[in-house]
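Please model the entire structure based on the sequences and the hints provided.
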Amino acid sequence: MTTMRTRVALVAVALGALACDQGLVPLPLCPPGLVGICGKVTFRGALPDSTDLVYVVAYATVPTTQNDLFTFQPQNPPKLQLDSAGRATPQPYALNLPPGTYHWVLAAWKKQGILSPQSADSLLREAGFYRDPIDTSKAGTVVVAGAVAGVDFTVDFTNMHPVSYYFPASRSHP
Amino acid sequence: MSLRYAIALAFLVGARLDAQGIGVLHGSVTDSAGRGLDHVRVRALRRIDGTRVIAIRFTDASGAYRFDSLSAGGWLVIDAGRIGYGMARDTVLIVAGDSVRLDFRLPVLPIIVSPTIVTAAKRSQLLDQAVTSVSLVDEQQIARRAVNTIDEAVDKAPGVQFLAGQVNVRGSSGFVEGLGSRVLLLVDGVPANQGDRGGINWDIVPVDEVARVEVVKGAGSALYGSSAFGGIVNLISRELPEGWHARVRTTGGVFANPPHPEWGFRDYTGIQDGIDVAGSFGHGPVRAGLSAGARHSDGYRQQDRADHWQVTGRGAWRPEPATVVNLSGAWASDQYQVPEPWCANKECADSGLAFQPFLINTNNIGNRTRSDKGYFTAVVTRTPSERTTWLARASWLRTHFTDAYPQRRPPFSTADYSIANRVGFEGRVVSRPDSLHVVTAGLEITRSDDFSNVFSGNPGNTRTHIEGAYAAYAEAEQTVGRLRFTIGARGDFLAIDGGGITAFVSPRAGAVWSTASGAWRATLGRAFRAPSLAERFVSTYALGFPVVPNPALESEDGWSAEVGRTWTPRPWLRGDAAVFYTQARRLIEPVLLIKDSSLVIQFQNVQRARIMGLDLTVTATPLPPHLTTTLAYQLLDARDQSLDSALLFRPRHLLTLSTDYGWRSFGAGADFRFSSRFERQDPLFQGDPRVPGKVLDVRASWSARSLAVHLKVANVFNYIYNFAPRVLEPVRTATLTITYSY
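Chains A and B supply the protein sequences, listed in that same order. Residue numbers for the first sequence follow this note's numbering, beginning at 47 and rising by one. Residue numbers for the second sequence follow this note's numbering, beginning at 533 and rising by one.
The set of hints was computed from the structure by calculation and includes no laboratory data. Certain hints may be false.
What the hints assert, rightly or not - The calculated label-pair distances, taken between Cβ atoms and stated as ranges, are:
| hint | chain 1 | residue 1 | chain 2 | residue 2 | range |
| --- | --- | --- | --- | --- | --- |
| 1 | B | Arg1142 | A | Pro208 | 53 to 59 Å |
| 2 | B | Val1132 | A | Leu99 | 39 to 45 Å |
| 3 | B | Gln1213 | A | Leu161 | 36 to 42 Å |
| 4 | B | Val1037 | A | Asp202 | 55 to 61 Å |
| 5 | B | Gln1213 | A | Asn205 | 26 to 32 Å |
| 6 | B | Asp1128 | A | Asp178 | 29 to 35 Å |
Unchecked claim - Among the chain A residues that face chain B by a calculated CB cut under 7 Å, a handful are:
| hint | residue |
| --- | --- |
| 7 | Gly69 |
| 8 | Pro72 |
| 9 | Leu170 |
Even for Gly, the Cβ is constructed at its ideal location relative to N, Cα and C.
As structure tokens, then:
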């Protein structure tokens, strides 16, 4: 009888010990091993009915021609989650990028339809971009050597700009 | 006295004893760990035509006893016994003119008797006679847990949980940065919550001075008024023994470093150390004791150094057998860096991590606090007859803190300070007109004042606020067969700054039905808590927002009920279970709101809440007296009925497993505490991680007659967690405590 009681007590202590797994652990803002950028996207405004996708892409230089438009990185950019749950709170994202300097990190909204160089102006919109923390009227620059966290910006569906907003009708940089 | 006179005196005493044919028997009674036991009944029996008791003595506070004049010339049987311990017996031959020493060691039998408590009914009663649930933390538990402050020992009591230093009894308080505790602290029955914040300074009484702690769960306003909304914690001091005694307690320990190198914050191992020295003297009707101590800690986080000093004095005078005057006072000073809240993303060199729990926001670098506090109490207790006892007490509690924020910018001050006094008077009568009735009645007056720039009600200005509280209470108990009925009420009348008086009546009714294997109990009572001066008039800057005053804040109140059962189905098994229910309204909580186009924090009466649950404790001694195990479980369903969601900072499950094994002078034990993950996220810290609490403490001890060594490793697995927002709970800490008693 006493042996059984002792065993029960020892088992209880052992279970208690085993239950002490890790609590808080380091939570990288960027996925482990990432070379590129990561951050959070905050959504503003109602999602347009004609929405197909919203990508996050980065440009080494701000495009100034139609040909530059397709020099974005990465080649398979991640899509943001656009259902109501995904837009309710800031949404994390991560971009794998080759090391280098990137002068324009933005969210590109795509309307439903087949994308081509000819349809780009009607189907694509700049929906928001990472801004210079010092001068928020300008785009921020990111230097990638490893993982760069905190590249946060806002997607504003009520204030999107077509390709022609930047070129060739207007060459003003963001 | 010279040696020559001493020898002469010894000779004369021996000659006198020899001449009268009598001898002296003396010795000590200790527990299995070698600690002296007081109030042990020691009987001398002689076997002549059966066994006949010829003398009885009781041990003093050090465990010593002495028979000065036993008839010599025969063998005597000497036995020693005390409630809670097994009986010990031996035989001794008394020789005329000689002195014989006989020591006893009593085995612990903690589960077959009901201890005496003094808090639940403001008078002495057996634990099984209380209408509410009561948990006890005794001297042995405090000693073997090798703690530095008493809250560390109370933390493991069933149904009790500390959240970053704020005590919760059955989920009563939650976490409000130490303001407005819903638990009342008593020091030897004297209220000791702060006059300004209503919170508790747990280090105001040195842990080495505490003999036991009584935790009364549930509403206690019917006898204790405000603050006893969710429970009462009574710290009961050691008795001052006869003769000269001294005690030295030293502590040293090390903190583990962060388990992940990304969280590293220093290149050395943090330590803590401390020393307490106590001395006492008792002779006849006069007893006095004095203790002093100091502690230092490097802390386990960035900017976490702390220093503590304290002095405590106590005295007792018994001018006649029926009257005793107790005086006690303490002063403690703490100077510590403020390591909270931890660093979130971009608030420090975060190394690309979402948070750095061992670092703080760089805007808070340099924050520190100096906190001085002291109290003085005088209590006169007189028992003029077996039927009546009366008590009168006066008490004064003073707190003075200064929080320094060197990086603050105007309009907020770089130093918040508050000087508060709480002066109280109480008169109480306990009458037992016959063996079936007990009546307790009393009057209580409390005056709190606070001179402060942070609780002034006007940012940047300094002002004094005064709160007066006047109360009368009475409670009667009647016994009918196996039933004990209790009914009573307390009326409290409160006035702030000489304004209008607010009245509260807190009734309570209860019953206890004794059975062969234990007792059933039931109680229903009203509880209330008046907002503290700090909650009404706070004007500061916290968590990135201005905190604005709310002088119109009202008291919170509620009804609390419980049905409980204690039972002892086997001699080695004791259980206590209770279901409880509290319906509260106008709970005071900090609220983030827009005022004059700015986001501000203000304390408001916002919540209707319901807290219900199950409180279960099972203690078994399967290998008496060597092995003791305790399982305590609390199921809590705490709902914010205003928001139809879970109440913040209350775990649904709280489990404590404890075991202790003793063999001769050695002991070993462990405590495991599981606290489930809070169900609701603090809206001020959306996105912060939430994890359950899972902490294992282990300990070992060795003790001899006057020396005790305790080794404890708290949080063995270095489990990293938090309960309060962005406040890291302690990491693995190894502590060695050595106590020498004379």
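Checklist line | Cβ separation of B:Gln1213 and A:Leu161, checked against the hinted range 36 to 42 Å | finding: holds, 40 Å
Next item on the list: Verify the interface restraint on A:Pro72: the C-beta must sit less than 7 Å from at least one C-beta of chain B.
Entry: Holds. Min distance 5 Å.
Checklist line | CB-CB spacing for A:Asp202 and B:Val1037 relative to the 55 to 61 Å hint | finding: Between B:Val1037 and A:Asp202, where Cβ atoms are some 58 Å apart, the hint holds.
Next item on the list: Would you settle whether the hint for A:Leu170 is holds or violated, based on the nearest Cβ-Cβ distance to chain B being less than 7 Å?
Entry: Hint violated; A:Leu170 Cβ to chain B Cβ min 31 Å, cut 7 Å.
Check: Cβ-Cβ distance between B:Val1132 and A:Leu99: within 39 to 45 Å?
Finding: holds, 41 Å
Notebook entry, point to check: Do the Cβ positions of B:Arg1142 and A:Pro208 conform to the proposed distance bound of 53 to 59 Å?
Noted result: Since the Cβ atoms of B:Arg1142 and A:Pro208 sit about 56 Å apart, the hinted range of 53 to 59 Å holds.
Next item on the list: Would you settle whether the hint for A:Gly69 is holds or violated, based on the nearest Cβ-Cβ distance to chain B being less than 7 Å?
Entry: holds, 4 Å
Item checked: Beta-carbon spacing of B:Gln1213 to A:Asn205 - inside the hinted bounds 26 to 32 Å or not -> Once the Cβ atoms are compared, 31 Å apart, the range 26 to 32 Å for A:Asn205 and B:Gln1213 holds.
Item checked: Consistency of beta-carbon spacing, A:Asp178 to B:Asp1128, with hint 29 to 35 Å -> Given range 29 to 35 Å: holds, Cβ gap about 32 Å.
Comparing the model with each numbered hint stated earlier shows that hint 9 is the single one that does not hold.
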